[in-house]
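> As a plain string of letters, each chain reads:
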Amino acid sequence: MGMFRIYPKILMILAGASMALMAVGQYAIWYHAPEELTMGLVQKIFYFHLPLAWWSFVAFFGVCVSSVMVLWTGREHWDVLAGVMAEVGVLFSGLALVTGSIWGRAAWNTWWTWDPRLSTTLVMWFVYAGYLVLRSADVGGTKGAKMRAVLGIVAFVDVPLVFLSARLWRSIHPAVLASKGGGLEPEMWTAVWINVLAWGALFATLVLARYHGAGLKRRVEAALIRIQEKTLQ
Amino acid sequence: MISSSLAIARKDLRLAFAGGQGPVQAVLLGLLLVFIFSLSAAPGERFSAQQAMAIFWLCSSFGVVLIFSLLFRFEEENDTATALLLSPLPVQSLWLGKTLAGLMLLLLCQVFFFPAALVFLGLDPGSNPAGLVLMVLAVDVGLCVLGGLIGAMGHGQGAKDALLTIIVFPLQIPILLGGIRIGVGLMQGTPLGGLADWFGLVMAFDAVFAGAALFLFPHVFRGE
Amino acid sequence: MSSGSILTLRAVSHFFGSRLIFKGVSCELEPGSIMLVAGPNGAGKTTLLKIMAGLTPPRAGTVERKVPDRAMAFMGHQTFVYPALSALGNLEFWNSVYGRGLDDAALFGLLDRVGLKGFALESAGTFSRGMAQRLSLARVLLVEPELLFLDEPSTGLDTASQALLHGELEAARRRGAGIVWISHDLERDLGRADMVLGLGGRGMSYFGPAQGFFPEGA
Chain A
3 MGMFRIYPKI LMILAGASMA LMAVGQYAIW YHAPEELTMG LVQKIFYFHL PLAWWSFVAF
63 FGVCVSSVMV LWTGREHWDV LAGVMAEVGV LFSGLALVTG SIWGRAAWNT WWTWDPRLST
123 TLVMWFVYAG YLVLRSADVG GTKGAKMRAV LGIVAFVDVP LVFLSARLWR SIHPAVLASK
183 GGGLEPEMWT AVWINVLAWG ALFATLVLAR YHGAGLKRRV EAALIRIQEK TLQ
Chain B
34 MISSSLAIAR KDLRLAFAGG QGPVQAVLLG LLLVFIFSLS AAPGERFSAQ QAMAIFWLCS
94 SFGVVLIFSL LFRFEEENDT ATALLLSPLP VQSLWLGKTL AGLMLLLLCQ VFFFPAALVF
154 LGLDPGSNPA GLVLMVLAVD VGLCVLGGLI GAMGHGQGAK DALLTIIVFP LQIPILLGGI
214 RIGVGLMQGT PLGGLADWFG LVMAFDAVFA GAALFLFPHV FRGE
Chain C
6 MSSGSILTLR AVSHFFGSRL IFKGVSCELE PGSIMLVAGP NGAGKTTLLK IMAGLTPPRA
66 GTVERKVPDR AMAFMGHQTF VYPALSALGN LEFWNSVYGR GLDDAALFGL LDRVGLKGFA
126 LESAGTFSRG MAQRLSLARV LLVEPELLFL DEPSTGLDTA SQALLHGELE AARRRGAGIV
186 WISHDLERDL GRADMVLGLG GRGMSYFGPA QGFFPEGA
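First to last, the protein sequences are chains A, B and C.
One rule links them: number in the working numbering = place in the first sequence (from 1) + 2.
One rule links them: number in the working numbering = place in the second sequence (from 1) + 33.
One rule links them: number in the working numbering = place in the third sequence (from 1) + 5.
These are computed hints drawn from the structure, not numbers from a lab.
Here the structure is a predicted model, which is why all the values come from computation and not from measurement.
Check each hint, because a few of them may be wrong.
List time: in silico EDC-like cross-link candidates among lysine to aspartate or glutamate, alpha-carbon distance up to 20 Å [unchecked claim]:
(1) C:K28 x A:E231
(2) A:K219 x A:E78
(3) A:K145 x B:E109
(4) A:K46 x A:E231
(5) C:K28 x C:E69
(6) A:K145 x B:E78
(7) C:K122 x C:E97
(8) A:K46 x A:E187
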């Protein structure tokens, strides 16, 4: 019960931190990091793309861990956390795909190329978007939490296989690949790390906000049931 | 566990063919897909081996979904699922039995898909039929292992089992890529040794999802 | 705690979500006895039976069965019959699942016992409810259970089928089987029971000898 009082405070702190970090991150991107010689301004996309991709991967890993905990402990809040992680993961990987596509257009003159990392992200986006649809459709009824947990684990187990297959696939179809992110200047790395941190703070904010919201929703529903039961008696 | 799995598989195959139906729905849908895709080429134009293999595996992928939806529907009428859970049968043998039955039905479907691909898509089977059979078997095992696990989730869900396809198809992608690439390689005369990477990937898929299914299936199928 | 009991429940409670169904159910079942489970609709009789049979884990409390799964049978309103298989085909399947190793002659004998010998090769999908339930009874007889769970098995059965069912239950009890039986028709079935477990008011309202049980409103 106490956590319901504490969460809003943590949320405020996290939200404040992400705002501040984002501001510093933007400054680092546009003023601190030098412009890349061959690609020019477009290279700045990289500072958005990389943190988004990383954190989406963390989110999907989080779905898997929470799902294992559902099966292990049977506690409902792990199921809620898995769903929240998947939501943020799909959002972040979707944005990573869009930024990656824009990058590809600028760097390789194509909106889409069979880059193993990009392809893996796309397949994962499909898998977890499907996972979210199944969650919202309430597949499984009373044993829904376990079903969702199994899906969450299976989805993550698939990830390395997708990556391996995407890499093997490309090795026969060589794509025009510039070395991505290779040879970064120290100022560029600073910008990368600040932005990874900033998006991490935003990630935590979003996860906690959704998690807290889901908890509040459950409390309201439980209270409504109690009121109904009282009036029936 | 093996003998009870075989009992399940035998029973399911008997049920599948009891009405003279078998996997007719899956076969027809696959044939229809092959035919429709054949329209995407100009008359007289041949499909590349890669296009033809991709279409072949697409048909198989749809087939798997229909087959496992059928297999788990058998346990819904008169609640035989509960009877199975009450029986001394290890739950995993139910998964294994369904997977075996599904594998048989899928192979049967492919007996129709493959000639259809030859005729409609101008597929050239190449000179290594044994390698092709090996590849199809290895990929089918992976598809059915996953189908048996996810199919059980549709059990007792009414129309919702159709929704499961949106997660099954993306999960299948690695093994479908494997099937396409090995098939193309074999038809173009690549020796099996040259495709070891891909065979490794397909086997890894089979093993990883078989392990996951053995571990996770009881959670899916048991009540509450 | 009597050591002879084959099924022991201690302080079993169950919820649907956060709704309490019943709490504090404790009972014992001796071999060779029939325990009747009585109670109004919604008291959780079927849920309790599923907990006893190990289908549903209880939210609290313990269930102890001293009988292996292969000597346990369940008969409910669902017939557990595969409609696309013949009567004999159904029995053959359960024969292999339970590892009984009976030959076809023995299976025909079971069908004869439940009055379905003439329909052995007909598809069970064409059976009436009564016939399907007789087939279900044949499946139970095949198992030769030491522990038998019944969830209103006589619903929709004609007099002859009911007599058949009651005869076989009596035979199973004499053989030493423990039987847990949910019945709606207490007037009819109370005389056949040794013990009664009454559910009601979100808990156990009675557990004791059948002679001492007076149903509410009776």
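> Hint by hint, say whether it matches the structure.
Do the hints match the structure? See the list:
1. C:K28 x A:E231: Holds, at about 18 Å.
2. A:K219 x A:E78: 13 Å, holds
3. A:K145 x B:E109: Measuring from Cα to Cα gives roughly 16 Å; hence the hint holds.
4. A:K46 x A:E231: Violated: A:K46 and A:E231 sit about 58 Å apart, past 20 Å.
5. C:K28 x C:E69: Cα-Cα ~17 Å, so holds.
6. A:K145 x B:E78: The hint is violated at about 52 Å.
7. C:K122 x C:E97: Holds. C:K122 to C:E97 sits at ~14 Å (cutoff 20 Å).
8. A:K46 x A:E187: 13 Å, holds
In summary, the structure is inconsistent with hints 4, 6 from the numbered list given earlier, while agreeing with the others.
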